[in-house]
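Working from the sequences, and respecting the hints, build out all of it.
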Amino acid sequence: MGEKPLYYAQPQNGLFLFASEARAILASGLVERRLDPITLQVYLYNGFTVAPRTILAGVSSLLPGHWMRVGLDGQIREIRRYWALPPFAADPPSGQDERLEDLRQELAEATAMRMISDVPLGAFLSGGLDSSVVVALMSRAAGNVRTFSIGFAEQAFDESPYARWVAERFETQHNAILLGLHEFNAWLENGLDAMDQPTYDGLNTYFVARAARESGLTVALSGLGGDELFGGYPYFNLAPKIARLATAGRRFPFVLKRALQATGRLHGPFKVWHIFEDDIPPGMELLAAYQTSQALFPKTAQANLWSKSPKKGVWFGLPQEFVDFLNSEGSNTDLLARLSRYVLRLFQGERTLRDSDSMSMASSLEVRTVFTDHVFVEKIWRIAGKVRCQGAPDKPFEAQLARPVLGDDYPYRRKQGFVFPFQVWLKNSAMRARIHEVLTDQSVLERLGLQKGGVIRILKDTSLPWSRWWALYVLARWADKHQAAL
Numbered sequence: 019m020g021e022k023p024l025y026y027a028q029p030q031n032g033l034f035l036f037a038s039e040a041r042a043i044l045a046s047g048l049v050e051r052r053l054d055p056i057t058l059q060v061y062l063y064n065g066f067t068v069a070p071r072t073i074l075a076g077v078s079s080l081l082p083g084h085w086m087r088v089g090l091d092g093q094i095r096e097i098r099r100y101w102a103l104p105p106f107a108a109d110p111p112s113g114q115d116e117r118l119e120d121l122r123q124e125l126a127e128a129t130a131m132r133m134i135s136d137v138p139l140g141a142f143l144s145g146g147l148d149s150s151v152v153v154a155l156m157s158r159a160a161g162n163v164r165t166f167s168i169g170f171a172e173q174a175f176d177e178s179p180y181a182r183w184v185a186e187r188f189e190t191q192h193n194a195i196l197l198g199l200h201e202f203n204a205w206l207e208n209g210l211d212a213m214d215q216p217t218y219d220g221l222n223t224y225f226v227a228r229a230a231r232e233s234g235l236t237v238a239l240s241g242l243g244g245d246e247l248f249g250g251y252p253y254f255n256l257a258p259k260i261a262r263l264a265t266a267g268r269r270f271p272f273v274l275k276r277a278l279q280a281t282g283r284l285h286g287p288f289k290v291w292h293i294f295e296d297d298i299p300p301g302m303e304l305l306a307a308y309q310t311s312q313a314l315f316p317k318t319a320q321a322n323l324w325s326k327s328p329k330k331g332v333w334f335g336l337p338q339e340f341v342d343f344l345n346s347e348g349s350n351t352d353l354l355a356r357l358s359r360y361v362l363r364l365f366q367g368e369r370t371l372r373d374s375d376s377m378s379m380a381s382s383l384e385v386r387t388v389f390t391d392h393v394f395v396e397k398i399w400r401i402a403g404k405v406r407c408q409g410a411p412d413k414p415f416e417a418q419l420a421r422p423v424l425g426d427d428y429p430y431r432r433k434q435g436f437v438f439p440f441q442v443w444l445k446n447s448a449m450r451a452r453i454h455e456v457l458t459d460q461s462v463l464e465r466l467g468l469q470k471g472g473v474i475r476i477l478k479d480t481s482l483p484w485s486r487w488w489a490l491y492v493l494a495r496w497a498d499k500h501q502a503a504l
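Going letter by letter, the sequence shown gives residues 19 to 504 in my numbering.
No wet-lab data here; the hints were simulated from the structure.
Here a beta-carbon is modelled for each residue, glycine too, at the ideal position from N, C-alpha and C.
Treat the hints with care, since some could be wrong.
Said to hold, decoys possible - List of simulated lysine-lysine pairs, DSS-like, C-alpha gap at most 27 Å:
1) K470 x K317
2) K317 x K289
3) K499 x K478
4) K22 x K397
5) K317 x K259
6) K289 x K478
7) K259 x K289
What the hints assert, rightly or not - Quick list of the computed label-pair ranges, beta carbon to beta carbon:
8) D91 x H392: 29 to 35 Å
9) E96 x K330: 23 to 29 Å
10) A448 x N322: 27 to 33 Å
11) D342 x N322: 28 to 34 Å
12) A45 x R269: 52 to 58 Å
Written as structure tokens, this is what we have:
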């Protein structure tokens, strides 16, 4: 599933290095501080790196569900797969109640197994469906559960009232923390330093983990992973529409596709036209569509940032090795099941799980994710995507699964998502000036192979979401801190 990464390098004959963090290998002094040009493109597209490559040239990441055999001479003998997502299966015509009860039992067992600990243990509780189910199952298994939630003064982002309802309903020992601009400014540099590889979305995990650790927890259970299985994101609706556009586009003249692609933007409805920026083999429309829906800097936007023509080997923000990895798991006509697999492998496996691991360990907190239990995932995978992912992003199938656990009085609501008010904080922070200073430093940009004019245009475009210039800053700061360059 990708819960724990393994990085390795072969800097010279007879030497094999491995570690749970890429920067540990870098700290050995045995590998060059050289950035991987393919991964730089991947990062700008996604805001995170994608296995088996890393941000460092010569350092690789073992793909999820694989094992490696290394000889005494330091040479890799073989790399093989030991686990894969099961083949897609059609939804059985009957037995709905029995199936739901079987899933509840499996999820309860997965929760109980992750509660085994000889140190203080609790749970993240946002008040959303996934974390609420985990807390309810923990309460059933042991009682006297410790829970932890984060709230914000910015009401549009605050879910703490829902977390408080769950805590009271299951009589947990609840600790609610209010995070604001003061904590943001105080913890920001430490959070950036904690990044193993650059990731534009890792800070929220660091803030949660640090606050949880300071509240006394050593191990925390998390509801991470439910959205990927049950269609908890808006792009479960958007990506199939973009895929249909890509299929229809096969009939468009080349000139028309290029004209449409040229109107693409970095956000908003015109972003979808970036689906025409690369050739799409038959059967790959949905993957290209999903990536287009997620892109920070699509291929044509990156062309305005690079000082030299980028190397080939990236397709819609993915290294070819990862595309092959996805294709090896098979395919079928169930679009939502395929999309769920892409989201699980990319958004979860390459982004949220990796961020959760590195950022929580930086705070000396162990995070255990219940919904990534491989037996539970295997059982979920037998259910058609059109059933388990219907009604995105509100997850009605999961709500049906959870109702006997949470009770009929649980306040079901439209999915909000656990989002930090970073854009609000950054506007009111001295950090904005620091970001501008770093991203206009010619020596920093040369280290990354970026041209100043393109970066300045990004900084001046006030219509762009904060994530675009933030992703550039995180990359620049990471490279500068670790003295890594192309």
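In rising order, the numbers of the hints this structure does not comply with: The structure conflicts with no hint, since it agrees with every one listed earlier.
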